[in-house]
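Visitor: From first to last, the protein sequence lines are chains A and B. The working numbering puts the first sequence at residues 1 to 297. The working numbering puts the second sequence at residues 1001 to 1383.
FYI, nobody ran anything at the bench for these hints, they're computed from the structure. Each hint should be verified, as a subset may be incorrect.
[To be verified] Dumping the calculated DSBU-like pairs for lysine-lysine here, alpha-carbon to alpha-carbon at most 30 Å: (1) Lys240(A) <-> Lys214(A); (2) Lys240(A) <-> Lys1376(B); (3) Lys1314(B) <-> Lys1171(B); (4) Lys232(A) <-> Lys1197(B); (5) Lys240(A) <-> Lys1154(B); (6) Lys1314(B) <-> Lys276(A); (7) Lys240(A) <-> Lys1171(B); (8) Lys1376(B) <-> Lys55(A); (9) Lys276(A) <-> Lys129(A); (10) Lys1197(B) <-> Lys276(A); (11) Lys1378(B) <-> Lys38(A); (12) Lys214(A) <-> Lys129(A); (13) Lys1378(B) <-> Lys191(A); (14) Lys1314(B) <-> Lys191(A); (15) Lys55(A) <-> Lys214(A).
None of the values given here were measured: they were computed from a predicted structure.
Listed here are the chains, written in short residue letters.
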Amino acid sequence: MTNSLKSVDDVLEALTSERYVAERSLGVAVHLALQLGKPLFLEGEAGVGKTEVAKVLASILDTPLIRLQCYEGLDVGHAVYEWDYPRQMLAIRLIEAQGEGAHADVTDIMSRDYLVARPLLQAVEAAAKGERPVLLIDELDRADEEFEAYLLEMLSDFQVTIPEIGTISADRPPVVILTSNRTREIHDALKRRCIYHWIDYPNFEREVEIVLRKIPEVPEELAGDLARAMEKLRSMDLFKPPGVAETLDWAAALGVLGTSRLSPETADDTLGVILKYQEDIERLRAVGVEQLLATAG
Amino acid sequence: MAEPLTHNLVHFTRYLRAQGLRVVPDTTTDLMEAARIVGLEARNDAYHAFRAVTVSRPEEIPVFNEAFELFFGSGRRFVKPREPIELEVHRRGPRVHVIAPTTVQADLGDQEDSDLHEQAGASAVERLATRDFSDLTESEYAAVQLAIARMVWKPADARSRRWAPSAGGSKPDLRRTLRQMTGPSRDLMPLALNAPKPRRRPLLVIADVSGSMERYTEMLLYFVHAARGRLGKVEAFVFSTGLSRITRELRHRDPRVALSQVGIAVHDWSSGTLIGEAFAEFNRGWSRRVTRGGPVAIVISDGWDRGDQAVLRKEFATFARSVHRVVWLNPLAGRAGFEPQTRGMQAVLPFVDDFMPVGNLADLTAVVRLLESVPKRKEVTRG
Chain A
1 MTNSLKSVDD VLEALTSERY VAERSLGVAV HLALQLGKPL FLEGEAGVGK
51 TEVAKVLASI LDTPLIRLQC YEGLDVGHAV YEWDYPRQML AIRLIEAQGE
101 GAHADVTDIM SRDYLVARPL LQAVEAAAKG ERPVLLIDEL DRADEEFEAY
151 LLEMLSDFQV TIPEIGTISA DRPPVVILTS NRTREIHDAL KRRCIYHWID
201 YPNFEREVEI VLRKIPEVPE ELAGDLARAM EKLRSMDLFK PPGVAETLDW
251 AAALGVLGTS RLSPETADDT LGVILKYQED IERLRAVGVE QLLATAG
Chain B
1001 MAEPLTHNLV HFTRYLRAQG LRVVPDTTTD LMEAARIVGL EARNDAYHAF
1051 RAVTVSRPEE IPVFNEAFEL FFGSGRRFVK PREPIELEVH RRGPRVHVIA
1101 PTTVQADLGD QEDSDLHEQA GASAVERLAT RDFSDLTESE YAAVQLAIAR
1151 MVWKPADARS RRWAPSAGGS KPDLRRTLRQ MTGPSRDLMP LALNAPKPRR
1201 RPLLVIADVS GSMERYTEML LYFVHAARGR LGKVEAFVFS TGLSRITREL
1251 RHRDPRVALS QVGIAVHDWS SGTLIGEAFA EFNRGWSRRV TRGGPVAIVI
1301 SDGWDRGDQA VLRKEFATFA RSVHRVVWLN PLAGRAGFEP QTRGMQAVLP
1351 FVDDFMPVGN LADLTAVVRL LESVPKRKEV TRG
């Protein structure tokens, strides 16, 4: 529980024990968010481990992870709750079949039993019961402004009002993590309610550490080769620079191939794992794949 | 001990605000809380904690770093208040002579009786409509600006993935249907329907502010500011040798303030033009952040380019793929005998959907009309 996380060091230690290698700044942000009961807003390029923070945190706190994946047009029916229409219809038929004598109350089919809770309601209900789930609102930048406005309201008082049932509210908010890949700017009003943290690409040492921790089978030399290559790629002005997720995919792919050091040939064969745009692959081949292997200096 | 800290954090908050960070008075309270939770012994932790509650975008981090160093840098003990420092502001950019609409109205009213009215019965604005921006007198200039401010914008809607109740809709809304059923019983149970909710298509403006565009830049930026005021969803960039985003600067309601802020923010006014490099910069650094929702892109440039044509062609092709429609406005295109023969124009024309002149008020009106008929589907006719 949160009680065991009394300091930034506790948080960092817990993250490490879950094989998440974090910068100290992230540890501070997580610690603040937990202590202040504010949502944590994580922004950064794709594949730097934003979503992972929520998963790891749920595991540390030993609570369920409730995830809401955002997309354009996301509405209340998919984010908060939806009535179970087929069951409602069946119930109406049943009442009709019982004929005149049956005394059915319409409020029956508008009760909690006929409600399907979606992630936001799930989180509020769990919190209302005294639990403290981790609510992950993933890739908020994909949702439209209308959903953002709803979220703003929801994050300020953690309650959901269902006209037919009433208001469900949580005294203690769930742990909320929002992520954004920055495909658009999220409104300031929403960010202001959150603890903000920008996750950057890791430096060389940390990236090696991440690879070794996540995939212990990888030889240390190979992890170093990959981290060095990634550093170069990210400085290359690509359309889509590879993230840490790509480094791990790459390490895994090379593991399958039984490679112990990165060579220009193996790198060229596996470029598709790390570069997702033909343009970027061409750009790299134009300067020469062997550039990735050149040691500093 | 606590009192001086509070005092200092209040100053710190104010200072950050003066530096353009979007902090609120509550931020001071958040800073206090953050200081309490992580403690002030470890300067590094305090730094990260303060940053997490005040910064809300990566571009603000360097600004925050400077402020933090100023207030709590080594040698300072988190207590000594420090008065904000006046920043030296370099003013550059277009000469701004926007006249407030009320003044202009008065001006026009006066002129009603004098020479303007007598000219063949045409109203002042009609007469000005076809006069090139570079030939306007001071008061005509103001009249044109007023006409721009009064333009009616009715851009075509874009497709949306969101639904709204509509009697003529196509998708049943079970939630509303069920709710209606709980009301008084009727013989026929009406099915509630939804139709796609109209969505406003965003606008993306990329304007050339290099030397050759100088005489048009101010009026065109005024136009962009008016578009922002009317449409809301407008992203704006200017370029000459480099690219600058001016969306935030244009936010101010008053065009005089907005344009002078643009002037302060942009550093390479009226220098040479590298169109290809500007679009490369856009494609790498901004495209994925500002082209959501399929914007109509309006590029304003005369196409005079000193850069590499191969780069321009390649980057512009990428750019055209990432937006819904490319409208290219060229101030020279309205002149008699104009042919888009500058090398820059030649390189980009295959990717331009609409090529239009933008030398006078009538041209701007045509642009606004064009936006009313942008099709919902992207036209793909490029090689």
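Visitor: Which numbered hints does this structure break?
Guide: 3, 4, 5, 7, 8, 9, 10, 11, 12, 13, 14
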